[in-house]
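> Line by line, the protein sequences are chains C and D. The first sequence begins at -19 in this note's numbering and counts up one residue at a time. The second sequence begins at 8 in this note's numbering and counts up one residue at a time.
Treat the hints loosely; a few may be bogus.
What the hints assert, rightly or not - The calculated lysine to any residue pairs, modelled on SDA-like cross-linking and capped at a C-alpha distance of 20 angstroms, are:
1) LYS64/D x LEU82/D
2) LYS48/C x VAL32/D
3) LYS124/C x ILE136/C
4) LYS154/D x PRO148/C
5) LYS217/C x GLY125/D
6) LYS64/D x GLU29/D
7) LYS217/C x ASP129/D
8) LYS217/C x LEU82/D
9) LYS154/D x PRO(-8)/C
What the hints contain is simulated information worked out from the structure, not anything from laboratory work. Here the structure is a predicted model, which means the values were calculated and not measured.
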Amino acid sequence: MLRDITIGQYYPAKSVLHRLDPRVKFVGTLVYIISLFIFNSWIGYLISALFLAVMVKISTVPLKFIVKGLKAIVVLLLISMFFNAIFTPGHVVFQVWIIKITEEGLILAAKIGIRLILLIIGASLMTLTTTPNQLTDGLERLMKPLNKIHVPVHEIAMLMSIALRFIPILMEETDKIMKAQIARGADFESGNLIRKVKNMVPLLVPLFISAFRRANDLAMAMEARCYHGGDGRTQMKPLIYKKRDAAAYAVLALYLAIAIAMRVIGI
Amino acid sequence: MGIIKAAKVVFDYLKYSEEGQEPEVNRAIDGVDLDIAEGQFIAILGHNGSGKSTLAKHMNALLVPTEGTLWVDSLDTAEDDDVWKIRQKAGMVFQNPDNQIIGTVVEEDVGFGPENIGVPTDEIWQRVEDALTKTGMISYRKHSPNKLSGGQKQRVAIAGVVAMKPKCIILDEPTAMLDPNGRKEVLAAVRELNEKEGVTVILITHYMEEVILADKVYVMDSGRIVMQGTPREIFSQVDTLKKYRLDVPQVTLLADELKKAGVDIPSGILTIEELVNALCQSN
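So here's chain D without its partners, still in its complex pose (with noise of 0.2 angstroms):
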């Protein structure tokens, strides 16, 4: 069994009325099946209201599945005595920077996840060096998160998570409010925590250049999980990724629309070297 298991998950979101009538379901994930070995860099996509976000919260006991089974390194998300371990195990990393940053000061606030879990003074100094070592946000510990920009206050908000020696790190749209800048800053912080850690990543977007270097990509659509593969195999099905309503990243896009103009090159191309060097040897 991998880190994150899941099993027909089924979540009913219930829409009530004013004059107590019967409620109005509305099913966000419809029979997700998952196992997301760990140490593995995850990326899932989909668009706006696909249940991306609503799966994600499951994975951290946030919301429990109305049917089915999802497993966090072995502990079941359904049992209410093993939601504070699973919440440890699991961390997760929100949109919006502001409204995640709960202390006034960057290192308080990393220490906060400790100090929840019981960790002992000493301890929580050592964990939020290293955790803003990591994320490499080390020289601002003193500083005021409201004046940090997007992109550092997404480290901070990693940092907070790092702190509290996850197995997993959940990110759900984690730079979909950041400047290019920002999502680089963000993107390589993580990337860096998966390869040197070896933390499981699972970043939840819909950005696609972002998923590139991902080991595994899933995508999902209405609640289901409609797609999955290396990021090669997904990029190369372009056709398939637009009647999902996602855009694929230029540089593939061309490659693809190059090779039904009859050009000779592979499908599912991710890079601009990759073409180039496609291109060259084509000739």
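Bound conformation, chain C alone (with noise of 0.2 angstroms):
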């Protein structure tokens, strides 16, 4: 269950994406999150979603390792949508008691899922193609102008870098720890929602255990390579933009024009 989660992994491959300059594909994933809340019709979204689509066929990354991701979602994906759907006062559909499902309500919460459903398909295309290196070098640079009012830029973009590498090793571990746990007794499916959390316990506990013991092998393992900091780092991979970065660009500045065109005149 948990490695269902794709954000955060990379898929290894040569499309033009993976080649794009991480800086293009972390504005190119912010500009899309926005017009996401920009469009607010049914083209708008079919414009969207079809943007994505073709941006996953460009990846080369399979549908079926996108959608893995979804999984993991779902349940955040049914709660807001089951919270709109209720909540929206208007034309009433159906009644059972209390709870009022209204038209206007449906809508809505289609809209919401259609949305999150983007929203993280588009988040973690950005991180299938894009190792958390290239990711981290990028932000770098694009927060860099940050360092003169005293930001640690690079020890943030370190920082996120590792969180990243160490998710899928977590999660494995938690995976080895729920078994091992499991095979001792514990249960994690059955009872209330309290009951599941307090189950949660032996499984917290050795983790973060494990979580600072690897934190303190890592800290040692980067000091013993000379890690001190950001100060007379050279990078083995620049940052330097090429022709296509431009062309990225420029589509993305087509599709937010679109976006921002469709709103104004009201599609």
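Relying on the hints, combine the two individually framed chains into one complex.
As structure tokens, then:
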């Protein structure tokens, strides 16, 4: 179950999307998320879904891989859709006890659902096509101006890249601990919500202990390899914009322009 | 002076209890003298808690002696200014392969060290390629470390150190978490570095089989060096080794028992072939 989360995992391939500058992909993801909130019509959603579909096609990441990532957010998705459906006032479609489901609510829930799904796919497409190191390099470069106001940009970037690298390792570890505890009679499935949360304790305690131990080891390994912050550090893969990056920016600008234009004229 | 020299090194771990009482002193290293010549293959043996890992961390300036001095290539590890120079000269490989790989792609991880010491971009690529070739991992350069086997991860870690062009590599139980195949892979890579590149290797381990090809073996117990010599010299003293809770290789043990039972064979036999030859000749 935990392995299904694809956010933060890299899918190695040689597509154009993989070779794009991470700054472009990061800005692109931001633009895409913003566009999802600018679009406010079914046609708009269709356009953004098509745009994403084309991107997925270009990325050569198998669709199976991306859809798997969605499983993890199904619960969140259903909850937010449910609340939107019942709390939106309007024309009542049907009523059970005091819960009224309205037409407006259903439409809103559908829109929220579409937005969330597209948002997650869009964001995971970025991490699937960009190695965390590239991603943080990109972020570091994008945020460099903040260095002037004493924001530790390099440190933040390093922190994120390490966090991303350890996600799959900690997932695996969680799975392992879970199995070990189940073998000892722990029960993670039954009972009500409070019980379930309480049952998580024997899972979380060992996980935290091992995470701290790993952090300790890793810090030592980094120091042993001469890591001492961003000063005087060179880069193996420095970021240099190429022609394809300019083209990608142009596509993004066009896409955003369409989104804004559609909103303005009210389609 | 050799590449690594220690003079009367002492290291105390301080254990603090809660209420600001006097810390409890735990002596991990107790007066260690060492002189390791450049280009040698050195093994340091000892059971758990003998202080061998603590000693290893001193050679990389991760720990600084409480008393005494340790020099790496004539640089005193207690000097704060030299710390990065020392860590570049004496690379370190740790036990857990997962917890020392920083990059998410093999080649990026190998490039991490050179990036830190400020090597220009073109040269980093060259060094990464070189280091991966030397450890036999070049065909995995674009892979994710998560999908490699333990032995392969450890070879990536070694490549990460090699890319910093160290004079000396310290391996702190690099094979403890590996299966027999992984262990062989890692040792072969280390031995090749020592023989072909002339890198000084200090292998810290408790597997006796791994030290047979070392130039010199040190045995540690409760923070002291209690035995030193060539593997043959060390392994001829089966009973002393047992006292320090170390197992000798099975062949050596068998040869020792045979000798005790009155068979005329030399002491300190290390390999099966040697034993076979000795037995054939003794008739």
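> Output the numbers, in ascending order, of every earlier hint that fails for this structure.
Result: hints 2, 6, 8 break, sorted rising.
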